[in-house]
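J.: As they're listed, the protein sequences go chains A and B. For what it's worth, our numbering labels the leading residue of the first sequence as 1, then goes sequentially. For what it's worth, our numbering labels the leading residue of the second sequence as 1, then goes sequentially.
Calculated from the structure, these hints are not laboratory results. Among the hints, a few may not be true.
[Said to hold, decoys possible] If you want a taste of the chain A side facing chain B, the calculated C-beta under 7 Å gives, among others: (1) Gly-31; (2) Ala-53; (3) Phe-60; (4) Ala-63; (5) Gly-64; (6) Met-200; (7) Ala-204; (8) Ala-227.
[To be verified] Now the in silico label distances, taken between C-beta atoms and shown as ranges: (9) B:Leu-5 with A:Trp-177: 43 to 49 Å; (10) B:Ile-4 with A:Lys-110: 23 to 29 Å; (11) B:Val-34 with A:Arg-111: 23 to 29 Å; (12) A:His-219 with B:Ala-60: 16 to 22 Å; (13) A:His-107 with B:Ser-62: 45 to 51 Å; (14) B:Ser-83 with A:Leu-59: 33 to 39 Å; (15) B:Phe-81 with A:Val-213: 23 to 29 Å; (16) A:His-107 with B:Thr-66: 27 to 33 Å; (17) A:Val-213 with B:Val-98: 27 to 33 Å.
Since the structure is predicted, the reported quantities are computational estimates derived from the model, not experimental observations. We treat Cβ as the ideally placed atom computed from N, Cα and C, and that holds for glycine.
The lines below spell out each chain.
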Amino acid sequence: MAGLMKMRRGTVTPYSQFVAGMRGVAPMAIGAIPFALIFGALAVSEGGLSIWATSGLSLFVFAGSAQFIAVNLLSQGTGLIPIVLTTLIVNMRHVLYSASLAPYMKHLPKRWLLPLSFWLTDETYATVINVWQDTNHDRSHKAWYHLGNAVAMYTNWNLWTLLGALFGSQLPNIEQWGMDFALVVTFISIVVPMLVTRPMLICALVAGGVSLVTYGMPHNLGLLIAATAAIAVGYSVETRLQPAAASRPVPDTDSQVWQLGQKHE
Amino acid sequence: MNEILLIVGMAVVTFAVRYLPLHLLGSFDLPISVTRALRYVAVAVLTAIAVPYMFYRDGALSISHTNSYLVVGLAAVVIGFRSKAPSVTIIVGMALFVAYRFLLTALPV
Numbered sequence: 001m002a003g004l005m006k007m008r009r010g011t012v013t014p015y016s017q018f019v020a021g022m023r024g025v026a027p028m029a030i031g032a033i034p035f036a037l038i039f040g041a042l043a044v045s046e047g048g049l050s051i052w053a054t055s056g057l058s059l060f061v062f063a064g065s066a067q068f069i070a071v072n073l074l075s076q077g078t079g080l081i082p083i084v085l086t087t088l089i090v091n092m093r094h095v096l097y098s099a100s101l102a103p104y105m106k107h108l109p110k111r112w113l114l115p116l117s118f119w120l121t122d123e124t125y126a127t128v129i130n131v132w133q134d135t136n137h138d139r140s141h142k143a144w145y146h147l148g149n150a151v152a153m154y155t156n157w158n159l160w161t162l163l164g165a166l167f168g169s170q171l172p173n174i175e176q177w178g179m180d181f182a183l184v185v186t187f188i189s190i191v192v193p194m195l196v197t198r199p200m201l202i203c204a205l206v207a208g209g210v211s212l213v214t215y216g217m218p219h220n221l222g223l224l225i226a227a228t229a230a231i232a233v234g235y236s237v238e239t240r241l242q243p244a245a246a247s248r249p250v251p252d253t254d255s256q257v258w259q260l261g262q263k264h265e
Numbered sequence: 001m002n003e004i005l006l007i008v009g010m011a012v013v014t015f016a017v018r019y020l021p022l023h024l025l026g027s028f029d030l031p032i033s034v035t036r037a038l039r040y041v042a043v044a045v046l047t048a049i050a051v052p053y054m055f056y057r058d059g060a061l062s063i064s065h066t067n068s069y070l071v072v073g074l075a076a077v078v079i080g081f082r083s084k085a086p087s088v089t090i091i092v093g094m095a096l097f098v099a100y101r102f103l104l105t106a107l108p109v
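Isolated chain A (complex conformation):
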């Protein structure tokens, strides 16, 4: 068994990393299935969209929460411009994801950056950032890990959107079945293993506390405020606890949160 592990580790290829990326995100992809199903069903029944437009949103926008909010706005008769502006605000958190990936991905040519940006989601970001920050792995293969991860999420989201759009009418009140708990448990499963340092734990407590206080604010602004406050507090606690670390560039192996190899065990 040890020999097998050694052999597998010794033969890292683009293909093996692509498959590892798909496997790494598989639990999150399963968690996204109920959302894609409910989105497909609601877009047709509540949003009044055709099956083509429903699939079109998943194919060309590929942003779950924004797609849900758009359907909700459509059902209230909201116009095009407010829906597009709301989409922009709801997706602003991707600016943080994209900026956070930039130091690790800047070496990639455009033919990589364009598709990987298009496929950036909460789930893909949260799983690939650990791999990009991992100093033990060959940088050239990390892009393949990222690609496999993103392609798995995209294929999964689009398949289940289509099934929801086609067969949603046969699943009455599907949105009230509680399947959306999958989102909560998926995010918990990603966040909790990262809470191994005191600044990370404090960051999560601030994010949760501020998000509860700012919940009523329009357009997900509460989310942006809570996230920004939590990042600021987490980072300032870190600089206070480890002043020496503050000048070390990332990736910083000493404060590594967790490594690629642990993910599959």
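Take the given structure of chain A and dock chain B to it, following the hints.
T.: Just chain B now, kept in the frame of chain A:
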């Protein structure tokens, strides 16, 4: 509503926020303090999405044993600390959720 305009409009703004930071920040080095602070993005954003989802049901704060999102969500946090494997947390958490919802309807408490 013109469906094609809707898709194009949403696609353009979504791609812009995903691509532009990577593109613009690709040509120079961010200050070390910024790249260190950005390591908190995942925990901050995902927590700020999940926590209100657990505590608010139908737009109102719900701190009660009948709020299955809160009760099983907190259980999933404990499972996450023990297992560290996302797949275990997700599968056990979903199973607990189904079981707890069944208990709530079966037992009038």
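J.: Give a verdict on every hint.
T.: Structure-based check of all given hints:
1. Gly-31: Because about 5 Å separates A:Gly-31 from the closest Cβ in chain B, which is inside the 7 Å limit, the hint holds.
2. Ala-53: holds (4 Å)
3. Phe-60: holds (4 Å)
4. Ala-63: It holds, given that the least Cβ distance between A:Ala-63 and chain B is near 5 Å, below 7 Å.
5. Gly-64: Violated, because the Cβ-Cβ distance from A:Gly-64 to chain B comes to roughly 11 Å (cut-off 7 Å).
6. Met-200: holds (6 Å)
7. Ala-204: holds (5 Å)
8. Ala-227: Holds - the Cβ of A:Ala-227 comes within 7 Å of chain B, reaching about 4 Å at its closest.
9. B:Leu-5 with A:Trp-177: 43 to 49 Å: violated (33 Å)
10. B:Ile-4 with A:Lys-110: 23 to 29 Å: Between B:Ile-4 and A:Lys-110, where Cβ atoms are some 26 Å apart, the hint holds.
11. B:Val-34 with A:Arg-111: 23 to 29 Å: holds (27 Å)
12. A:His-219 with B:Ala-60: 16 to 22 Å: Roughly 20 Å apart at Cβ, these two residues keep to the hinted range, so it holds.
13. A:His-107 with B:Ser-62: 45 to 51 Å: Since A:His-107 and B:Ser-62 have Cβ atoms about 48 Å apart, the given range 45 to 51 Å holds.
14. B:Ser-83 with A:Leu-59: 33 to 39 Å: holds (35 Å)
15. B:Phe-81 with A:Val-213: 23 to 29 Å: Cβ of B:Phe-81 to Cβ of A:Val-213: about 25 Å, so the range 23 to 29 Å holds.
16. A:His-107 with B:Thr-66: 27 to 33 Å: Because 52 Å falls outside the window, the suggested range is violated.
17. A:Val-213 with B:Val-98: 27 to 33 Å: holds (31 Å)
Checked against the numbered hints above, the structure violates hints 5, 9 and 16; every other hint is satisfied.
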